[in-house]
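The lines below spell out each chain.
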Amino acid sequence: MNLINTLTLSGILFAIGVYGLVTRRNAVGVLMATELLLNSVNLNLVAFNHYLHPAGLGGQMFTLFTITVAAAEATVALALVVALFRARRSVMVEDINQLKW
Amino acid sequence: MNSLTYLVPLLPLATFLVNLLFFRKNRHLAPYIAVGGVLAAFIVSLSLAARLLDNTAPLVDEIRWLDVSGGVLGNFTIKVGTLLDPLCAMMLLVVTGVSTLVHIYSLGYMHDEPGVARFFMYLNLFTFSMLGLVVSPNLYQMYIFWELVGLCSYLLIGFYYEKKSANDACKKAFVVNRVGDFGMFLGILFLTYYLSTADFLALPGKIGNWPIAGPAWLPLGVVALLLFCGAVGKSAQFPLHIWLPDAMEGPTPVSALIHAATMVAAGVYLVARTYVVFDAALFSSVNASQVVAWVGGFTSIFAATIACTQYDIKRVLAYSTLSQLGYMVMALGAGGSGVGAGSFHLFTHAFFKALLFLGAGSVIHAMHTNDIREMGGLWKKLPITGTTFFIACLAIAGVPPLAGFFSKDEILMALSEGHMVKLYWLASGVAFMTAFYMFRLFLMTFTGSEPAHGHPHESPISMTFPLMVLAVLSVVAGWSSLPSEKNFGHYIHYERPAGLAQQWEGAKSLAAAHPEAQGTVKAHELLAAAPLTPAKEEAVKEESHQFQWHAEIWIPATLTGLAGILLALLMYYFKVFSPARVVSALGPVYTLVYNKYYVDEAYAWIVHRVYFVLSRGIAWFDRHVVDGFMNGLAFVSQVSGSVLKRVQNGQVQAYALVFALGLTALLVFVKNVLF
Amino acid sequence: MQNIAFYLSAVLILWCALRCVSSPYIFRSALYLAAALSLTAVQYVLMEAYFVAVVQILVYVGAVIILIVFAVMLTAQLGEGNISQSNSLALPGFLVAGGFGWGLVALLRGFDWTKVTPGPATPGALSTDSNIMAIGRALTGDYVYPFEIIGLLLFTALIGAVLIARKDPQ
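If you read the protein sequences in the order shown, they are chains A, B and C.
Under the numbering used here, the first residue of the first sequence carries the number 1, and numbering increases by one thereafter.
Under the numbering used here, the first residue of the second sequence carries the number 102, and numbering increases by one thereafter.
Under the numbering used here, the first residue of the third sequence carries the number 777, and numbering increases by one thereafter.
So here's chain A without its partners, still in its complex pose (with noise of 0.2 Å):
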């Protein structure tokens, strides 16, 4: 069926994001990770909703508040690092250091 297609299509989006949010030097980069997470979810919600409960329309509404709610935190996150590069000169992540022993 081409619900587990769907399934198997966001899953791997999900583990690249993953491997995205983990190996990406750059700060922004990491949050356009973020973002592939995030639509990997959106697709499974979508999907559910149109394999499984064909009738209501739960999975479209989560998956607009989850939109809306990926947008807001791309904006504070990218405020955050505008002002980190301001105080620091470099929005490399292996540089935001300091939170350790």
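Simulated from the structure, these hints should not be mistaken for laboratory data.
Treat the hints with care, since some could be wrong.
What the hints assert, rightly or not - Here are the computed lysine-lysine pairs in the PhoX-like style, where the Cα-Cα straight-line distance is at most 20 Å: (1) A:K100 / B:K746; (2) C:K891 / B:K772; (3) B:K180 / B:K307; (4) B:K697 / B:K273.
Place chains B and C on chain A using the hints.
Frame of chain A; chains B and C shown alone:
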């Protein structure tokens, strides 16, 4: 309130507190306040004793302190309060009376000392502690005051705290006392455990509860001996006698009050109070009374021999005290009639020994030395001191009609009634030696050629007044035991509880007949289960506690004393035998006795070679193993911490990786286990 | 026809996503992300979620990507092109992500989806409504609370972002 007994200890305590809080540096006012406190206590004691003259029933005032009911002891509470009966009243009179006289004496003797206010504070504290001990209605309160008395003794012996010898002596006194107190406390605990009571008045009734067979069985005699350990420590019996001679480092009034008249009598008092335990122990498998009598006897002859060789006036008196204490303890071990005899000797001994010490203090005050070899011919210079000292020596030698004669005789009678023949002869020998060394002391100090240096003069009235009072008492105190309706023995004696012998004998035979007895068999339980055998009652001779003019006792005793005096006169006054020749004739025996049989050296060896070696081993274990373990734990924590902290490297992505790893694990778990 | 669209867009999404996370140039990463997000909208269309597809384009591609591009430009460092964009956790990251992906996919594929009971119909929606009409009715009907709160959230995020990003007042 049944009686005003509580006032007697509290009055000296009040003056102690007043002095402590307000007059600590006031050397002019503090002594008089102290004297006032003790004098007031003495007056109250007089009225209390007068009250008991007609009605001898004990008066008890108690409040509950600690309720430990429930559990294995059943209904047991520790109470605090006062007990007033004739024995207690006698002790109150002795303690307050002698204490007042010592306080007055100290006004003169300690006048020029820098710490005189502190001295009087300590004296008051001691008087309070001793009085508290005497009025205690149960063993626990007595133990508290027992320790307090030990503390005061420590403070007073170490009064001259700048002298090393005084410091050593006070520590020695306290530590040696502690050893005895340990045994005593064990005895108290066992007694409480088996009898569920520690009250003196309740002991005779409950002694039948002692188990005489079964798994939890302990011979009553063992407990009696444990209690006696306290007496061995406090009353300086062998082998815990070593502290008393060293205690002479304290000022002489202290020696008079504590180490002659009162504190050392506390052990005798303890045994007298708990005598029913010793009496019942006659029927148990351990005959405690024999041990007590022999310990006392040995101590008295041991100390008497040493006293014959010493040159320090206070040391001679200290060993004399040891010897007389041995006499009292010997009497206690002789049986029921010995309790009265021992208490009477305590009573008379307090007076003449205090007189001897205060007189010695007067001599020391005049001569500024303790060594009798540097004295002589003081009779003319110190007439009052000399006369009173002479009276005291006559009293202690047992010359009739002074006090010592009556009390020694009663002891000898008790020994003969108890069929203790060897101890009787030992006691007679001690009496001979007592007379000898006391008159040796007197003659060397007061007669003979005058010393080359010094201007001895008679002491002030504050010092001689107590001497005179005590001299009068030394003469008349013995007359209170003359046969009459209301003599000393009428009030103070031991009565075996009715049926005690019957109970115990019967129970023992029943226990022997039923060896399969399970659990703990109590004496009275067995009797309840079986009919009584006919009484094998040993009737306590009620009349034996009164003094009797038994010619076969008093005449040899008096002659022995006179013989001792004669020997002393021959050696030291008429100079017929030279003491130096006797010394050289005795040779190594003399050296042994002069060095106090090397007991102190033996103790020192044990402490250093045995005890300290053990201590060092245990200290090593404590430092390296126990502390090492703790340090090791801390070290492990620290090291593991510094290793684990590297996980927090500040790289957020590493943290995220760990999250993902956890998620993966969770995923695998969900997939395989749940579905 | 639908299958071809699905598989083509799926493969393209995955390729764009891979290029996004592994490109050494941050700007190209942004562009690849934009492509991936747009292709996801195609997926939504294939699943008849038309409104969501449009919102995806509008919000994600139209706003979030622009935002990211702005941020990239504001934080550009000189000589950036020569620096590797992958940090030292590349290998463990690959392993973990691979394992995670494999596990997730295996779980999803192994589940028996036919057993799932269909959910309830959207209340208030008429059967004749188009997708957008139904969503409209739902948003102003049953889902009005989250709708309003989302508005509040956006407002808060707006203020927060402004506050964080502004220069310190001297």
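- Message: I'd like to know which numbered hints this structure contradicts. Please list them from smallest to largest.
- Response: When the structure is compared with the hints, none of them turns out to be violated.
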